[in-house]
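Participant: Letter by letter, the chains look like this.
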Amino acid sequence: MSNEQSMRRVTAIRNGTVIDHVPSGQALRVLEMLGIAGETSVPVSLVMNVPSKKLGSKDIIKVEDRELTQGELDRLALVAPEAHVAIIRAYVVAEKLSINLGEEVVNVVRCTFSNCITTNAREPQPHRLRVVSRDPLHLRCHYCGRPQDLDELVKNAL
Amino acid sequence: MTGLITMDDLTNEEILSILDDAERLLPVARGELYLPLLRGRILGNLFFEPSTRTRMSFETAMKRLGGDVVNLGDVKTSSVVKGETLFDTIQMVDGYTDIIAMRHPRQGAAQYAQDAASVPILNGGDGAGHHPTQTMLDLFTIRQAHGRLDGLKVVLAGDLRYGRTVHSLSHALTRFGCELTFASPDLLRMPVEIVSDLRENGATVTETEDLYGSMSDADVVYMTRIQKERFADEDEYARCAGAYKLDSRHLDNVKGDMIIMHPLPRVDEIHPAVDSSRHARYFEQAFNGVVARMALLCRLLGVTVPADVSAEGGVL
Chain B
1 MSNEQSMRRV TAIRNGTVID HVPSGQALRV LEMLGIAGET SVPVSLVMNV
51 PSKKLGSKDI IKVEDRELTQ GELDRLALVA PEAHVAIIRA YVVAEKLSIN
101 LGEEVVNVVR CTFSNCITTN AREPQPHRLR VVSRDPLHLR CHYCGRPQDL
151 DELVKNAL
Chain S
1 MTGLITMDDL TNEEILSILD DAERLLPVAR GELYLPLLRG RILGNLFFEP
51 STRTRMSFET AMKRLGGDVV NLGDVKTSSV VKGETLFDTI QMVDGYTDII
101 AMRHPRQGAA QYAQDAASVP ILNGGDGAGH HPTQTMLDLF TIRQAHGRLD
151 GLKVVLAGDL RYGRTVHSLS HALTRFGCEL TFASPDLLRM PVEIVSDLRE
201 NGATVTETED LYGSMSDADV VYMTRIQKER FADEDEYARC AGAYKLDSRH
251 LDNVKGDMII MHPLPRVDEI HPAVDSSRHA RYFEQAFNGV VARMALLCRL
301 LGVTVPADVS AEGGVL
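For the protein sequence lines, the chains are B and S, in the order given. Mapping of the first sequence onto my numbering: residues 1 to 158, in sequence order. Mapping of the second sequence onto my numbering: residues 1 to 316, in sequence order.
Please note that a few of the clues may not be correct.
Pairwise CB distance ranges, derived in the manner of DEER restraints [as the list claims (entries may be wrong)]:
| # | chain 1 | residue 1 | chain 2 | residue 2 | range |
| --- | --- | --- | --- | --- | --- |
| 1 | S | 186 | B | 106 | 37 to 43 Å |
| 2 | B | 13 | S | 8 | 47 to 53 Å |
| 3 | B | 103 | S | 51 | 51 to 57 Å |
| 4 | B | 106 | S | 8 | 50 to 56 Å |
| 5 | S | 266 | B | 134 | 33 to 39 Å |
| 6 | S | 75 | B | 106 | 27 to 33 Å |
| 7 | S | 307 | B | 134 | 42 to 48 Å |
| 8 | S | 32 | B | 103 | 54 to 60 Å |
| 9 | B | 149 | S | 56 | 40 to 46 Å |
| 10 | B | 35 | S | 271 | 56 to 62 Å |
| 11 | B | 107 | S | 266 | 28 to 34 Å |
| 12 | B | 32 | S | 56 | 39 to 45 Å |
| 13 | B | 25 | S | 8 | 34 to 40 Å |
| 14 | B | 155 | S | 278 | 36 to 42 Å |
Negatives, chain B to chain S, calculated, CB over 12 Å [said to hold, decoys possible]:
| # | residue |
| --- | --- |
| 15 | 77 |
| 16 | 96 |
| 17 | 151 |
Just so you know, the hints here were simulated from the structure itself, not pulled from any lab data. If you're wondering where the values come from, they're calculated on a predicted model, not measured in any experiment. Glycine included, C-beta positions come from ideal geometry on N, C-alpha and C.
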């Protein structure tokens with residue numbers, strides 16, 4: 001099955017965001033990370049476990065009438081660092097956005113260790129987590145060193 | 001190098017070089033020699049949690065080297081009770097001082113302070129996190145007794161869950177190839193993530209509840225207090241309190257040069273009768289806090305400790 005056929009499993013969107021090359025089976029987690037899961041008024045289409053030349057199989061997400069912000073791209077980078085993001089306007093690709101998981105994520109995920117200095121909401125310094133392992137993904141709080149895996153990161157996204 | 005937040009801020013070579021500096025500063029720490037290497041420099045002592053040895057030894061270290069100290073004093077009489085953030089407090093003290101020694105009940109507070117400050121921060125304990133200046137004086141004490149750090153068998157006992165001294169020390173000892181035994185009640189085991197980190201770094205780690213059985217081939221037995229103040233649940237504390245009470249009977253079958261250490265204060269985990277045994281080193285260990293912190297203050301302030309201290313120093 002060609003990539004075009006995969007994309008055509010759901011109709012083309014007029015305006016919004018297409019997230020392609022999401023690792024197979026991760027689409028729901030991506031939506032949770034982006035805060036799109038559950039109660040949202042915008043139409044969302046998912047295609048899961050379709051063939052992909054690059055990944056073997058992949059998921060695709062189409063979110064209508066919503067363009068991802070930089071903050072959302074940063075969160076996406078934790079779950080699907082190899083994903084391709086396209087902004088669609090009037091049925092055509094208006095922008096291709098790159099996502100990048102660097103050495104550290106800032107104000108993307110909070111450290112939830114109850115005794116970490118950052119749990120005092122009045123302290124003005126940002127939440128900072130260092131990437132210590134990419135596969136499997138593990139991050140550590142820059143301040144207290146407490147580790148988080150992907151499941152925890154999804155729950156603790158800001 | 002900016003401050004000292006965790007032992008990861010020092011290479012093994014830097015650790016040994018700072019311990020060498022400390023060794024040369026012993027006569028200054030004892031008050032036998034006056035060597036004002038830090039004249040004109042000011043240390044800010046910010047202790048947001050109770051401290052006796054760490055605070056006093058920092059103060060002594062600075063004053064023995066001719067420097068001065070300003071203290072936050074009792075937190076209850078500072079702006080902290082008015083709701084001042086740590087960030088603001090650090091911004092202010094940063095302008096008053098050349099270096100800051102800090103203890104705080106929250107983990108990560110020292111790194112947070114270092115990010116906010118332009119002067120070096122010396123972490124004097126952040127919650128149950130790290131206590132690297134204690135580790136430096138512990139390493140000094142171990143090297144003083146055994147002449148080396150590498151390859152020793154070290155038993156760490158007591159509250160390994162909340163004890164920041166053993167967290168920092170176990171990381172450092174691993175880097176010197178020491179064999180570690182963690183003896184604790186089940187509730188107070190070393191945190192899983194620390195054991196996992198140590199093993200990933202090549203450590204040989206044994207975990208046991210049997211302290212006395214693990215002492216026979218140890219070079220160092222490092223006791224710690226079960227810290228009542230770290231327990232949220234009184235019942236849990238009651239189940240762990242008094243788990244280990246080291247007394248003279250337990251020293252019959254230990255190695256002749258084994259040393260017993262303790263970061264102090266103790267409650268009942270070491271019987272006072274042990275104090276007079278050849279194995280007891282905890283009071284020397286507490287004194288070594290002064291030399292270790294003198295060497296650290298010099299290093300972080302970029303001041304070289306002279307190779308021949310007696311030639312540079314004057315008599316008091």
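Participant: All hints are to be evaluated individually against the structure, with a verdict given for each.
Facilitator: Hint check results:
At roughly 38 Å, the beta carbons of residue 186/S and residue 106/B sit within the given window of 37 to 43 Å. Taking 47 to 53 Å as the suggested C-beta distance range, the pair residue 13/B and residue 8/S conforms, at roughly 48 Å. The hinted window of 51 to 57 Å between residue 103/B and residue 51/S is violated, with their beta carbons roughly 35 Å apart. In this structure, residue 106/B and residue 8/S break the distance hint of 50 to 56 Å, their C-beta atoms being roughly 21 Å apart.
The beta-carbon spacing between residue 266/S and residue 134/B, approximately 45 Å, falls outside the hinted interval of 33 to 39 Å. A C-beta distance of roughly 30 Å is found between residue 75/S and residue 106/B, which places it inside the suggested range of 27 to 33 Å. Separation of residue 307/S from residue 134/B is about 46 Å and conforms to the stated range, judged on CB atoms against 42 to 48 Å. Separation of residue 32/S from residue 103/B is about 49 Å and departs from the stated range, judged on CB atoms against 54 to 60 Å.
Here the CB-CB span from residue 149/B to residue 56/S is close to 42 Å, well matched to the stated 40 to 46 Å. Range check, residue 35/B to residue 271/S: Cβ separation about 59 Å, and the 56 to 62 Å hint holds. A beta carbon spacing of about 43 Å between residue 107/B and residue 266/S contradicts the range 28 to 34 Å that was offered as a hint. The hinted window of 39 to 45 Å between residue 32/B and residue 56/S is violated, with their beta carbons roughly 51 Å apart.
Between residue 25/B and residue 8/S the C-beta distance comes to about 36 Å, which sits within the given range of 34 to 40 Å. At about 54 Å, the beta-carbon gap between residue 155/B and residue 278/S misses the expected band of 36 to 42 Å. Its beta-carbon lying about 23 Å from the closest one in chain S, residue 77/B satisfies the requirement of being farther than 12 Å from that chain. Non-interface status of residue 96/B relative to chain S is upheld: no Cβ of that chain comes within 12 Å, the nearest being about 35 Å off.
At roughly 16 Å, the least C-beta separation between residue 151/B and chain S is larger than 12 Å, which holds for a residue marked as non-interface.
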